[in-house]
Every structure is written in structure tokens, then in C-alpha cells.
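> The hints should help you fit chains B and C with the ligands onto chain A, whose structure is shown.
Here the protein sequences line up with chains A, B and C, keeping their order. Residues 45 to 335, numbered by the numbering used here, are exactly what the first sequence covers, in order. Residues 65 to 344, numbered by the numbering used here, are exactly what the second sequence covers, in order. Residues 178 to 621, numbered by the numbering used here, are exactly what the third sequence covers, in order.
Calculated from the structure, these hints are not laboratory results. Possibly wrong hints are sitting among the right ones.
Stated by the list, open to error - Computed Cβ-Cβ distance ranges for the label pairs, DEER-style:
#1 ARG322/C x THR220/A: 23 to 29 Å
#2 ARG216/A x PRO578/C: 49 to 55 Å
#3 ARG212/A x ARG332/B: 36 to 42 Å
#4 LEU203/C x ARG207/B: 30 to 36 Å
#5 GLU346/C x ARG214/B: 38 to 44 Å
#6 ARG216/A x ILE554/C: 47 to 53 Å
#7 TYR526/C x PHE206/B: 42 to 48 Å
#8 PHE116/A x SER519/C: 29 to 35 Å
#9 ASP229/A x ILE516/C: 55 to 61 Å
#10 PRO578/C x LEU159/A: 18 to 24 Å
#11 PHE206/B x VAL237/A: 55 to 61 Å
#12 ARG207/B x GLY302/A: 54 to 60 Å
#13 GLU346/C x ARG182/A: 31 to 37 Å
Virtual Cβ for every residue (Gly too), placed ideally from N, Cα, C.
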Amino acid sequence: MARILPYLLGGISVGGQYALIAIGYTMVYGILRLINFAHGDIFTAAGFFMVYAAASLPIYVSVAVVILLTIFMGVLVERVAYKPLRSAPRMSVMISAIGMSYLLQNVMWYITGGLAKRYPIIPWISNSVTILGYTTKRVTIITPFLTLILVVALVILIQKTKIGMAMRAASRDFETAQLMGIKIDNVISFTFVVGSALAAVGSLLYFSNYATVTPVVGAMPGLKAFVAAVFGGIGSIPGAVLGGFIIGISETLTKGAGLTTFSDAVTFALLIIILVVKPTGLFGEKPTQKV
Amino acid sequence: MSDNVLKVENVTMQFGGVVAVDNVNLEVNAGEIVSLIGPNGAGKTTAFNVITGVYPPTNGVVYFEGKKIVENYPRGKMKKLYKTENNGAYTHAIEPTPDKITRMGVARTFQNIRLWSSQTVFENILIAKHCRVTAGLLSATFRMNKLEERRQREECDELLRILGLEGVRNELATSLPYGQQRRVEIARALATQPKLLLLDEPAAGMNPQETQELTAFISRIRTDFRLTVFIIEHHMALVMDISDRIYVLDFGKLIASGTPAKVQNDQRVVDAYLGVSEDA
Amino acid sequence: MKRNRIPQFFIIVGAFLLLLAVVLMLDNVPGVPVMLLIVLRKGAIYALVAVSMNILNGFTGLFSLGQAGFMLLGAYTYAILTVPVENQALVYQRYPNGGIGFSVTESLGRVLGQPGLLLGVIICLILGGIVAGVFAYLIGLPVLRLKSDYLAIATLGFAEIIRAVVQYEKLGPITNGSNLLSNFTNFSNFHLGSLKLDTVMPFVFAGVCIWVITLIINSTYGRAFKAIRDDEVAAEAMGINLANHKRMSFIISSFFAGISGAMLAMYQASVQATIFKAAMTYEILLIVVLGGIGSISGSIIAAFLFVGSSEWWLRFLDNTTVLPNFNAKLLFAIIFAAIVVSIVFLVVYRQNKAQKSRPEAVGRGRKILSLKLSGVITLVVGTLLLLGDLRFLISPDLQVPLLRSGFRMVVFSIIVMIVVLFFSRGLMGDRELPDLFRTRHKRL
Ligand SMILES: Nc1ncnc2c1ncn2[C@@H]1O[C@H](COP(=O)(O)OP(=O)(O)OP(=O)(O)O)[C@@H](O)[C@H]1O
Ligand SMILES: [Mg+2]
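Bound-form chain A, shown alone (with noise of 0.2 Å):
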């Protein structure tokens, strides 16, 4: 027990900020059905967006700024990349997707030179604590109960404000819910407002305790967190958080069981076994198709 604990607990942790990245997919594959590839690279955009600000602003400034920042550009990249693709294939929308994230790992790079980037620390988040004897990050601890409250209240969000109606009602038939009136271009901009402000908050807590940016280094986190959408049932918000635990969690076990090599690989494992076990994920619901 004592042995894995620290796994578990950084599992938990980890699996916590996945779980704020899958909402951002799951959120927009449940309006647009579409896999935002590029939403792994605005995570890691918000990571530099933090290296940058921090160097010329005071920290908790910076904080608000990389959201906003993030916020702004996910919405571009909405705005820019699926917007004009709105009747178009679903495959062309996909590829523009992975065009976006492709183009923003370039950009990334180039800007940076390709170096990794010193994460700054922030004060408190990043001292160390110790519980049941094992001294760890404060972040490794608050991440699992910040990412519960977010999670709550991004709940109440959409079951109790307009906002979240239409939200709701665009997922379900959004044909349907374009005829009724509900002004869904502002909806998904809200939908990606919300998915970008969780991964810059999932940024701050990720490279808090990793402390570098490299331009691809969001490439994986943001794979992982989409694994974790689809295990839980893409679509469903508590389906992604329980996806995020569950995925951070076996990653730390394998590297835990010393076979690091395989703490990518037993994501993709996990998500194979889901589609060939229950194809539509922990809490997704079958679709059907009119003929």
C-alpha cells in the first residue's frame, strides 16, 4: 500500500487534469460530433502563454491573463478553422482540424526554437507538502478537488442557465434545436469558451508539476484526455471525468509496475478494450440514424 500510494495519488492528480482537458472534447464532439484534434496544442499554448506572461507580469495576473488568452483562442480557432466548414463533410472538418493542430505545433515551435520552456512556479500551488508520509506537491493534492468543484459547477451550468439549455438541446438534434430559434453559432463559441478556460486551468496544474512547456508536449496529455472523453461515453461530462481518473490512474499504476514504456500504450490498451466492451463508452447512449 504505502508503495503505491505515491502512483495513486499521482494518478489521481494527473487523471484530474485529464479530466479538465476531456471536458473540451467531449463537450464540442457532443454539438459539432467533431474530434477537435487542435484542442491538445491550446493546452500547450496556454502553457507558453503562461512562461511568457509570467516573465513580464506579476503571477496571479498572469494566471487570468493565460485564461483569457486561451479562451480567445479557442474561440478563434473555432471561429476560423470549423465555422466556414459547417455544412461541409465530416471528414474535411476533421482534417481541419488536424490542420489547426498541426499549424499550431508548427507555430509553437518556431517561436520557442523548439526548447523547452522553465514552467514558472507558483507560489503556493507549487510548494511541498507532505501527507501519510510521503512529500509530494501541493498541486498533486488540490488538482483532484479543484477539478470536482469545476466539474460541479460546470453541472449546474448547463442544467440550470439558458446558456446551458441551449447547450443541451444543440447536442441532442442540432438541426433541430438551429430551427428553434437557439443562436447556435453563440453556442458553440460558449462551448469552446468553457473547453479552453478548463484546459488552461488543466495547463496551470499540469505544468506546475512538470515544469516544461515544449511545443508538442501537449500532443499527448490532449490524446489522453480525448481517450479519456471516449471511455467515458463522448458526450457525457461526467463520463470524461471519470474517464480522466480512470486513465491518469492506470498510466501511474503502469509506471508504477516499472514498465514506463507502456504508460502511453495502456491508454490506447484501455480505449480498445471500451470499444470492443461497450462501444459507446461508460455513460454514451447509442445514437440512431433516420433512414
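Positioned in the frame of chain A, the structure of chains B and C with the ligands alone reads:
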């Protein structure tokens, strides 16, 4: 067994709470032209979808030439939701994919035309022949199936001729006017060499003259291809003209059946079409 | 119809032989830029893998992102089977008794000489394809029943898994873990008399494979694939078994991806798992998109263009450049301005036209320009670039701004996004080269 080609027994199709087809029984005999009519949303297309395997029904059986092709009973979530009769009458599930049913000899057209948009008229028909191809991937790739391929192409040209589509052979199918597209759909269905042809509103979008031609045409292919035809149609002149028998569906339920004359004079049918006021 | 069919076949074969002759010459005449040869070799291999991806994405309408994984399988299968016995100790340094203890090409080559070596290579290339195909079959079992998005994720995931598995220590005696596999039979082992065949061989292999793919696409099975792409429901209703045909297409695509992976290993004369990352799949996908989804000749052309610009023509973008004098600077500035202006013009013109012909825009006609955000951004960025160009021209500085490591890829991805957003049909749309010479839409 009797000579019915198609027999639908106690079929119910329920989408969530909506009962689109409600415990329907019907038969279509060999060589007959039978129509299925009813107001919009009555469940006609859904009935076709069940027969052709697109949706597994919630309950009931479909026989084709005396053989069970589809069977199902309320399961899972449906156990609690199921609203109508004959719950528990069936205990097996047979859910073939539509292609299997087509290869058995049931072909269909679609109400909202579904031609392959990047393909020409001829290619659309030729592709429908694919389900009768005997050559494997390797022999087809290296063109060792020349004889079969040539025969199929000739058959397709023959179908084009019969349907009067030679003139548009190499046009993109979806670039044609509506009436012609419907005819391409019929040609495509015929290309699969069916015994039973299901037509979903074949006259929709046709002008009166085209409709008249279609009426004559359907009668003709019945004899030429020795077909049994089952039609959904709103066009009453056509229905009354060619049907041997008619089934009427309303809110998923069969409300009348019989010869055109009999159905025409059935009060319930008139009510269903004209609508009965609430307090009647 | 029938009569002009046969000559067309001969024209194609003749053209291909002519091409081979030219390539053979380039290979052996002194003074040919090495870069050109590299582009030709790598281009041929990328053409094959792009076409293989197009089978699935372009002709069957399935979206798979596992190409790099299947290439890896082909490359490793090939390499493992062909490392000569005496080299195995050297290659598998870290694993005593590593290697499989025999080499297909070496054994056959010893018995039959060069023809045996060639036979061995062909057998191992095909085995590479078969291994990839078998894996495709296994992945396809659960995944092809689902919607195509899941296929994309599952194949992407599979590619990651396979990369990890290959590098696993315990498999080291066979895969050499995370180390390089090298010293196996490659293109430079072949000679015709004293002629080198380094570039001809990839052309022959890729050419034959692409020819087979074309045959498949134009066979009754290929037509069924296209029907599934156009309308799955109708295809199924017309008796096409979706599961079988999708699986078939997936396996064929992976088979040829495996072969191209093996060819890549031959070309590089070494292979390491780390290059087969998702980024590689993305690049191949982008080639397919640039060439036109559903066009074989488009994929081929785009592959050469892609390899040519990334390895050669656009290399200068990665180097900090100081121009020699003002005239060079002027020339540079003019060319740059011309490129920017033409791209911006094309984009803006197209989008403006498309926007104005929308039903809700008709009748409003007075607006001069009607653009979406993407068009506006293009316009603004273009203007900024021109201003920058002007500033550079009037400044005394001779060093070209922006050019430094990484800029090539930025330019590249911008080109890709412009194609995706504004010219979504790519170079060729879904047409083939011969279609360009026909006036009317006529096939078969
Ligand atoms: N896939 C589905 N999911 C949910 N409900 C459906 C589905 N398909 C059909 N329905 C519902 O079933 C009912 C019957 O529809 P159906 O299309 O069979 O009617 P129809 O008789 O063919 O009408 P029309 O004459 O307009 O073609 C309708 O209320 C429809 O909304
Ligand atoms: Mg209908």
C-alpha cells in the same frame, strides 16, 4: 406453405415512447402488387425499414418466402417501455443486416432518394450488381472475371433501355431531374435481381405524365421480371389503378385492407385521411 | 469503348517505362543534384503510402489515422527478416544472441545471386504488408462496426501502442528495443551491370503497387467501396456487406502501408520506431488532402511536391539568410510580394464569390467584399506581410527577416490550412490525370 412471398406477423416498432408501427400483420402473395397507404407519419416507411432489416423491430416476425428473416422481442430498456400487444409471444432474435436480406431477393427504393452522388447512372446500376458478383477480390483485381463483368454490364444496359435511361447513361445520377432519379433508383433495385420489390413513394416528384408512365411500367415489370411488388404511395390514382390489394396504416395501426374498391369505401380510411374532429 | 482501351493501357505502360529510363539515367549520370535523387526516392515511397491512405479515406470514406503504425510494422518485419547473419551480432549489440539467426534475402541471394536477392526483397516486402494487414484485420474486428470517428481514434491509438510494444526491452532480441535496426538489404545492394538502381527500384515497387491499387479501385470491389463512401445506407440496401467491405478496404490500405514502410526502411538503410509518430500520419493525410481526396494521381503528384518542398525547395526557409547586395534584396522582395499577393488574391476572390452567391446574400449585392473571418485574417496577414516586405526593402538590413529554424514548417502548415479552408478539393479533386484531357464527364 401458402404462396405468400412476404408475411409480417405482429410487428411493432417503437422508438422510445413513439410506437411507429403497432402490432401489424400483413401478407403479400407471389405476383401481386400490393399498396401500403396512410397519412404522413403513419409508419409506412418504418414498416419498410423493418422488412429490409434497417431497424430490428421491437417485437414480431417477418417471413420471406416462408422463411423467418427477422424476429425480435422486447429486450433491455424496451422491456419496461413496451406499450402494445403480444409481449412475450416471441423469444428469439434474428437481426440480419440489410445486405443479407437484399441478397435473399428483397430490393427497395428510398423515399428520399439515395443515389450514389459521385457515380454516373450506369455506375449506380452496375454497383447494385455487385451483390451478385461471384469473383473474389483477387480475380476481380486482375480481371479474371471478364465474362461475368461483361454479362453484368450488358444486363445493366438492358435495364437502362427498359427504363428509358439510355440517353443519360453517363450523366451523374444526382444531376438528373427528380422523376428520372426515381427511375434510376428503380433500375438500381431491379439490378439486384429481386423477387420482391419495395417501392417507397416512387411517384413523388413526378409530373402527371411521368406518373402515368410509371403506373404502366410497374405493371409491366411485374410480368417481365416475375416480381411481387409492394408499394408505398400517396398518389391515389396510381394506387387504385394498379393495386391488387391495399393495406391502410394510421398511427402505426392497420385500419383497413382489401381490394381498392373496398378500401376506398371504408369509413375509417376516409376518417383517417380527412381527420375526424376531436368530439366526433 | 473497347477499341481505345488497349492503346490507353499501352500508353500508360510506355510512359512508365520511359519514366524508369529517365530515372535510371538520373541515377547514373554524374552531376545530377543529390537532392533531386533523394526527392525522387522518398517521393515514390510517400506516393505509395499516400495512395494507400486514399483507398480508405478517399475511396471508402473511412477515416483512419494508423498509417504510421502500419508502416512501422512493415518496416520492422522487413528489417528483421533481412539483416544478414554476420551483421546480426553487430546490429543487436545490446542483446546477446539477438536476431532471428537467418536472413531471407541473404539465403536466397547466396543460392541465386542478384535475382535471388531481389526475390528475397520482394518476399519480405510482401510479408511486411501481410503483417500490417493481419493487424488491420484484428483492429478492424471491434472498431469497424462503429462510426468512423472511432476508427480514427482507435487506429491512432493502435499506432501508439505498437510503437511502444516494439521498443519494449523484452522484445529486444527481435526488435532491438529502442535501438536502430540497420545493415539489412537495401536499394543500394542492387546493380544492373555497373548501373546503380537506387532510384529505379523504389519507382518500380511503388509503381507496381499503385498499379495494383488502381486495378482494385476500378474493379467491382472498388466500385462497392465508392458506394459505401457516397451513401452507406444505400450501399447496404443494395446488398453490399458493409462490415466485409470496410474490412477489406482497411486491410488493403494497411497492406500497402506496410509495404511502403518496408520501402522506407530500405531507403533509409535503417529503421527506428521513433520516426513513426502521429506526425507522420498527419503528413501523409495532408498529402492526400493536397492532392485531392479520392484521386490517385493527385496523391502521387502531391507526394512529390510535398517531399520536394520539405526536403529541398523550402529548405531555405529554415536557414537564416543574408542577401549579398541590394539587387538580390530587391528581387527577393518582389518575388515575396508576388507570392503573397497572388495567394491573398486567390483566397479573397474565391471566398468573396462563394459568399455572394449564397442564397441569403443575393439581392444585397452592394457590398464590394463579403468575407468570412478566415478571409479577413488572410487579407490582414497578407497586408502585414507586404508592409513588412516594404520595410525590409527600405531598411539597410540585408538579413532576411523571419527565416530561421522552424519557419518552413510554419509556411507549410499555413499552405495546408489555406488548401483545407479555401480549396478543399485539393489539386485534383476526385479526378485523375487522364480526366483532365477529356472535355466531358465521361467514364467507363
Ligand atoms: N429513427 C427514428 N427515430 C425516432 N422516430 C422515428 C424514426 N423513424 C421514424 N420515426 C417516427 O415514426 C413515425 C412514422 O414515421 P414514418 O417515416 O414511418 O412515416 P411514413 O408513414 O413513412 O410517413 P410519410 O408519408 O411522411 O413518409 C414518425 O412519427 C417518425 O417521426
Ligand atoms: Mg415515408
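> If a hint holds in the structure, say so; if it does not, say that too.
Tested hints:
no.	hint	in the structure
1	ARG322/C x THR220/A: 23 to 29 Å	holds (28 Å)
2	ARG216/A x PRO578/C: 49 to 55 Å	holds (51 Å)
3	ARG212/A x ARG332/B: 36 to 42 Å	holds (41 Å)
4	LEU203/C x ARG207/B: 30 to 36 Å	holds (33 Å)
5	GLU346/C x ARG214/B: 38 to 44 Å	violated (58 Å)
6	ARG216/A x ILE554/C: 47 to 53 Å	violated (33 Å)
7	TYR526/C x PHE206/B: 42 to 48 Å	holds (47 Å)
8	PHE116/A x SER519/C: 29 to 35 Å	holds (31 Å)
9	ASP229/A x ILE516/C: 55 to 61 Å	violated (33 Å)
10	PRO578/C x LEU159/A: 18 to 24 Å	holds (21 Å)
11	PHE206/B x VAL237/A: 55 to 61 Å	holds (56 Å)
12	ARG207/B x GLY302/A: 54 to 60 Å	holds (56 Å)
13	GLU346/C x ARG182/A: 31 to 37 Å	holds (35 Å)
The structure fails hints 5, 6 and 9 (numbered hints given earlier, in ascending order).
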